[in-house]
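Q: Given the coordinates of chain A, work out where chain B with the ligands should sit on it, guided by the hints.
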Amino acid sequence: MEHIVIIGNGISGVTTARHIRKLSDKKITIISAETEHFFSRTALMYVYMGHMKFEHTKPYEDWFWKKNRIDLKFGFVSSIETKSKTIYFENNDSIQYDKLVIATGSKSNKFGWPGQDLKGVQGLYHKQDLDNLEVYAPNNKVCKRAVIAGGGLIGIELAEMLNTRNIPVTFLVRESSFWNGVLPKGESEMINRHIKNHHIDLRLSTNLKEIISDENGKVKSVIIEETGEEIPCDFVGLTAGVSPNIDFLKNSDIETNRGVLVNRYLETNIKDVFAIGDCAEQREAIGNRRLIEAVWYTGRMMGETLAQTICGNKLEYKPGHWFNSAKFFDIEYQTYGWVFSKPKEGHQHFHWKHNDDTKCITIEFDSETNVFLGINTFGIRMRHEVFDKWLTEKRTVDYVMQHLVEANFDPEFYKHFEKEILSTYKSQLQTV
Amino acid sequence: MSNKLNYSMSLAKPDAQNLSMIQKIAVFLGIAGLFIMILALLNVDFPNKAIFLTLSLGLIIIGTVIFSRDAYLKKTEGIKNDGVWFKSISSKGILAWATGIILTGFYIVLYFYAELLGQGSNGEANTGVISLFDPLSQLLSGRPASQWFVYGTLYTVAILAFGYKFMLKYRHNRYEQLRTASVMFFQLGFAFLIPEFMARLNESPQYNLPYYDLKSMWPLNYYLFDSWSINGFLSSGNLGLLMLLFGVISIFVISPILTYKYGKRWYCSWVCGCGALAETAGDSFRQLSSKKLSAWKLERWLIHTVLVFSVIMTIAIIYSYLGSDPNKYWLTRPVFLISIGVFLTLVFALIMIFKRNELGKDARYGAIGFFVVITALFAMHFTGTTDEIFLIKSSNLRSAYGLYIGSIFSGVIGTGFYPIFGNRVWCRFGCPMAAVLGMQQRLFSKFRITTNGGQCISCGNCSTYCEMGIDVRAYAQKGENIVRSSCVGCGICSAVCPRGVLKLENDSMKGRINPNEILLGNDVDLMDLVNQK
Ligand SMILES: Cc1cc2nc3c(=O)[nH]c(=O)nc-3n(C[C@H](O)[C@H](O)[C@H](O)COP(=O)(O)OP(=O)(O)OC[C@H]3O[C@@H](n4cnc5c(N)ncnc54)[C@H](O)[C@@H]3O)c2cc1C
Ligand code: SF4
Ligand code: SF4
Numbered sequence: 001m002e003h004i005v006i007i008g009n010g011i012s013g014v015t016t017a018r019h020i021r022k023l024s025d026k027k028i029t030i031i032s033a034e035t036e037h038f039f040s041r042t043a044l045m046y047v048y049m050g051h052m053k054f055e056h057t058k059p060y061e062d063w064f065w066k067k068n069r070i071d072l073k074f075g076f077v078s079s080i081e082t083k084s085k086t087i088y089f090e091n092n093d094s095i096q097y098d099k100l101v102i103a104t105g106s107k108s109n110k111f112g113w114p115g116q117d118l119k120g121v122q123g124l125y126h127k128q129d130l131d132n133l134e135v136y137a138p139n140n141k142v143c144k145r146a147v148i149a150g151g152g153l154i155g156i157e158l159a160e161m162l163n164t165r166n167i168p169v170t171f172l173v174r175e176s177s178f179w180n181g182v183l184p185k186g187e188s189e190m191i192n193r194h195i196k197n198h199h200i201d202l203r204l205s206t207n208l209k210e211i212i213s214d215e216n217g218k219v220k221s222v223i224i225e226e227t228g229e230e231i232p233c234d235f236v237g238l239t240a241g242v243s244p245n246i247d248f249l250k251n252s253d254i255e256t257n258r259g260v261l262v263n264r265y266l267e268t269n270i271k272d273v274f275a276i277g278d279c280a281e282q283r284e285a286i287g288n289r290r291l292i293e294a295v296w297y298t299g300r301m302m303g304e305t306l307a308q309t310i311c312g313n314k315l316e317y318k319p320g321h322w323f324n325s326a327k328f329f330d331i332e333y334q335t336y337g338w339v340f341s342k343p344k345e346g347h348q349h350f351h352w353k354h355n356d357d358t359k360c361i362t363i364e365f366d367s368e369t370n371v372f373l374g375i376n377t378f379g380i381r382m383r384h385e386v387f388d389k390w391l392t393e394k395r396t397v398d399y400v401m402q403h404l405v406e407a408n409f410d411p412e413f414y415k416h417f418e419k420e421i422l423s424t425y426k427s428q429l430q431t432v
Numbered sequence: 001m002s003n004k005l006n007y008s009m010s011l012a013k014p015d016a017q018n019l020s021m022i023q024k025i026a027v028f029l030g031i032a033g034l035f036i037m038i039l040a041l042l043n044v045d046f047p048n049k050a051i052f053l054t055l056s057l058g059l060i061i062i063g064t065v066i067f068s069r070d071a072y073l074k075k076t077e078g079i080k081n082d083g084v085w086f087k088s089i090s091s092k093g094i095l096a097w098a099t100g101i102i103l104t105g106f107y108i109v110l111y112f113y114a115e116l117l118g119q120g121s122n123g124e125a126n127t128g129v130i131s132l133f134d135p136l137s138q139l140l141s142g143r144p145a146s147q148w149f150v151y152g153t154l155y156t157v158a159i160l161a162f163g164y165k166f167m168l169k170y171r172h173n174r175y176e177q178l179r180t181a182s183v184m185f186f187q188l189g190f191a192f193l194i195p196e197f198m199a200r201l202n203e204s205p206q207y208n209l210p211y212y213d214l215k216s217m218w219p220l221n222y223y224l225f226d227s228w229s230i231n232g233f234l235s236s237g238n239l240g241l242l243m244l245l246f247g248v249i250s251i252f253v254i255s256p257i258l259t260y261k262y263g264k265r266w267y268c269s270w271v272c273g274c275g276a277l278a279e280t281a282g283d284s285f286r287q288l289s290s291k292k293l294s295a296w297k298l299e300r301w302l303i304h305t306v307l308v309f310s311v312i313m314t315i316a317i318i319y320s321y322l323g324s325d326p327n328k329y330w331l332t333r334p335v336f337l338i339s340i341g342v343f344l345t346l347v348f349a350l351i352m353i354f355k356r357n358e359l360g361k362d363a364r365y366g367a368i369g370f371f372v373v374i375t376a377l378f379a380m381h382f383t384g385t386t387d388e389i390f391l392i393k394s395s396n397l398r399s400a401y402g403l404y405i406g407s408i409f410s411g412v413i414g415t416g417f418y419p420i421f422g423n424r425v426w427c428r429f430g431c432p433m434a435a436v437l438g439m440q441q442r443l444f445s446k447f448r449i450t451t452n453g454g455q456c457i458s459c460g461n462c463s464t465y466c467e468m469g470i471d472v473r474a475y476a477q478k479g480e481n482i483v484r485s486s487c488v489g490c491g492i493c494s495a496v497c498p499r500g501v502l503k504l505e506n507d508s509m510k511g512r513i514n515p516n517e518i519l520l521g522n523d524v525d526l527m528d529l530v531n532q533k
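Top to bottom, those sequences are chains A and B.
One point on numbering: in UniProt numbering, the residue at position 192 of the first sequence is 192, and numbering is uninterrupted.
One point on numbering: in UniProt numbering, the residue at position 263 of the second sequence is 263, and numbering is uninterrupted.
Any given hint might turn out to be false.
[What the hints assert, rightly or not] Listed next, the in silico DSS-like pairs over lysine-lysine satisfying Cα-Cα at most 25 Å (straight line):
(1) 478(B) to 58(A)
(2) 73(A) to 292(B)
(3) 58(A) to 83(A)
(4) 297(B) to 22(A)
(5) 53(A) to 510(B)
(6) 297(B) to 53(A)
(7) 389(A) to 510(B)
(8) 478(B) to 318(A)
(9) 53(A) to 75(B)
[As the list claims (entries may be wrong)] Covered stretches of chain A (in silico footprint by chain B; criterion: 3 or more residues with CB under 8 Å from a CB of chain B, positions within the stretch not fixed):
(10) 300-309
(11) 338-346
(12) 408-416
It is worth saying that the hints were derived from the structure and are not from the lab.
In this text the structure is predicted, and so the values were computed from the model without any measurement.
Note that the Cβ used here is the ideal one computed from N, Cα and C, for glycine as well.
For reference, chain A alone in the conformation it holds in the complex:
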């Protein structure tokens, strides 16, 4: 029986395994060095905040794997020998594969800051990071202040987490406004205000210069690049993005750049070796997508596709319209299609914001043809299916504005804003 070995039990590896099992009887082994069972990385924050126990983050009960004949192996892969199709573990154990799927995810970026390896300095990615948080920032007596460096999605999650334990947070953001490389100005500024409303000490246009140690090798303070100010703290979160977790491939024949290089069939340069999820890097960009897409959905979709290929139905990875979502403290965010922080050339933005400063939308469209290109929505839930359809049908922005109510996905009895949005649209653009 063909033996499929998957390194990494995250969403991409597990999705692949599940779908291979559905389509075939092949022998499947999933390897991981993080936790024995698959858990949802996106839910780590809720464990620290006390919304859930770690148990709850596991999407499948522990008997699931055996029942579906998916073997789990706990261990850290140290190298791969593709000629003999052998995987070597840290403890010198080894196993053979017929087909190999690399789905090892990411690791937190560290940009060589002095002091970045001190105790109490960490990223937030792995389960072990969560454990360490409990050691260095369990409450505001042990941790009198925390500093977070890096204003992205994980940074703001970490700020929210620490906030629930009443730990004062200083949030250092390199950009002049939160996540403004991705979010248009109006949205980004609304989130700035929302962060401050939660009593976070938000420092924009501020860089981390250095982390200072105390006599025990633990963080004592940080120094700010711009002002030289020293901020005493007991914990530093490094959240300046993630990069593929592929150090163990260094000495293998598998071709890598920042990630494991793959073609549209998710194949690496070596036959029978595939890479998916956060650790995979496309050789050529797909549409507006980045070469490495470190998001949950990409991992899942690649897994769905690859399972087909492995089971004999060779398929190209063809993601549909871009979508994503996040939550900034109390404000939910969803995006469908492409909205850039500044409209691309020949494009235009329409922006509406509610008076209460927790809801807004931005729509990007083609100035010439009026074709709708994407929407960011904050504080109003919208239907994926509807926007997916409108994007495929290349609807105009006028059409989208007139039919916005069809896309509403807020719970029943919620206040609707479509009328207000439409009248703002009319007065701003006067094209309807």
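A: Just chain B with the ligands now, with coordinates in the frame of chain A:
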């Protein structure tokens, strides 16, 4: 290091669970209110009972109100589950066990040892805590209080006070607010006040109305067809007849229509008193329900067994109530049994013909239940004498049901164990009404929870906070709609979802159940391909 994960064991106490000064004062006020009741229980004879009762209930309500305002209004609107699994009370800690034991003890005393509460027997005056409630009972119905009046009052106070708390907690969510206002209204009006006023009517000899909470339907209201109840209705003129009629119509007409349009939530989360207590006072415990597959299996067996039991018991009760002489009354025992048999066969046949595929494996269980009831009908016919059926006294059957299901299951276990098994134990494992509505919800209803394309990140908030123990995530992460008979439509899964994935909706029956395996976002051809299989 890694064993620090079990936070409830964590030595470093997370800070969020500390109470503020105001919250401490509020807790003190509430406990002072309870303390008055405990003193009364210990037979401290208060001079002016009306004042002390007002004080006691007032303190409890004010304490809860102050506490909730401090806990929720000082923060921004949004989900307020911080520290749920760190707090002793909401994570099966010592406080939870203590509360569970006290509640269970209370129920045991209430059901089986009411004299300990001071229930006066044989026309003697009440003493103890029951006498404390005499003034209120006199005011409403003109009668002295009983253990049930005390229970009803406390129950209503709990729903009102914690309902207020719940509304503040979800002040960003109108669905939650409206349905909480609704259960508060039905509890206060229908379950508490109207029956007391009905008792006033009974002062006139023309009326002999039984206690009747109009919103409580058979089979939840299992005593509706007891002989004392039917006799009561029948001897209360047109009003009595109307009420009995309303009871029957609500079972066979009103409920099916509303469940078709809105799902069982119209009852379980908007009207029902058991649901009302679960959603308000029990809100802190919703995360404790078991999501294991094994729990689901147990649930299906248990709840349907209770349903079959309650159907047979009710038929037996009505059977022994009826006579055999067609000249006296057209509805005789044989006519009754035959019409029930025909009715059930019809329902069963229709389901099998039209909904067989949707039922899948459950069809077998349905068939088993059906045949048990039909066999019971035959057995009744052949073993029935005036007061015996299946060679047991029908009144014994009724008391067994009342004891094991009505008291022990729904009260002692269902509510007493809130802090251990979660707040909907009764609704999930025992309530025959929920079983009936659930069956309809699964088969003939427009209600479903829609999942939003491919947006689910499998975080598990929805499953964790589903009080019915539904593994919502299992559906959401596959892009499947949730159409489950047990879903009471509380809307909390949708509220806590951080990615806006879930929406409770009433829409057309078509495409309601969509076992799609591939989620939105991927290659369209691939989606088609996989869904063909
Ligand atoms: C806090 C946080 C919040 C997030 N929130 C969102 C969100 O809201 N939405 C979203 O789209 N995305 C989110 N993401 C990103 C998302 O979680 C990732 O894109 C996704 O988990 C990647 O899945 P994966 O299967 O590719 O890799 P991973 O989940 O990283 O799994 C890889 C596994 O392989 C193991 N592994 C690695 N190397 C080895 C080795 N040598 N030997 C053995 N095992 C190894 C790792 O330990 C890990 O268990 C979030 C990420 C984080 C950290
Ligand atoms: S599935 Fe959702 S709406 Fe239904 S009972 Fe569970 S939490 Fe409530
Ligand atoms: S539906 Fe929402 S709450 Fe449930 S697992 Fe998915 S993202 Fe989390």
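Q: What hints, given by number in increasing order, does this structure fail?
A: Failing hints, ascending: 3, 5 and 11.
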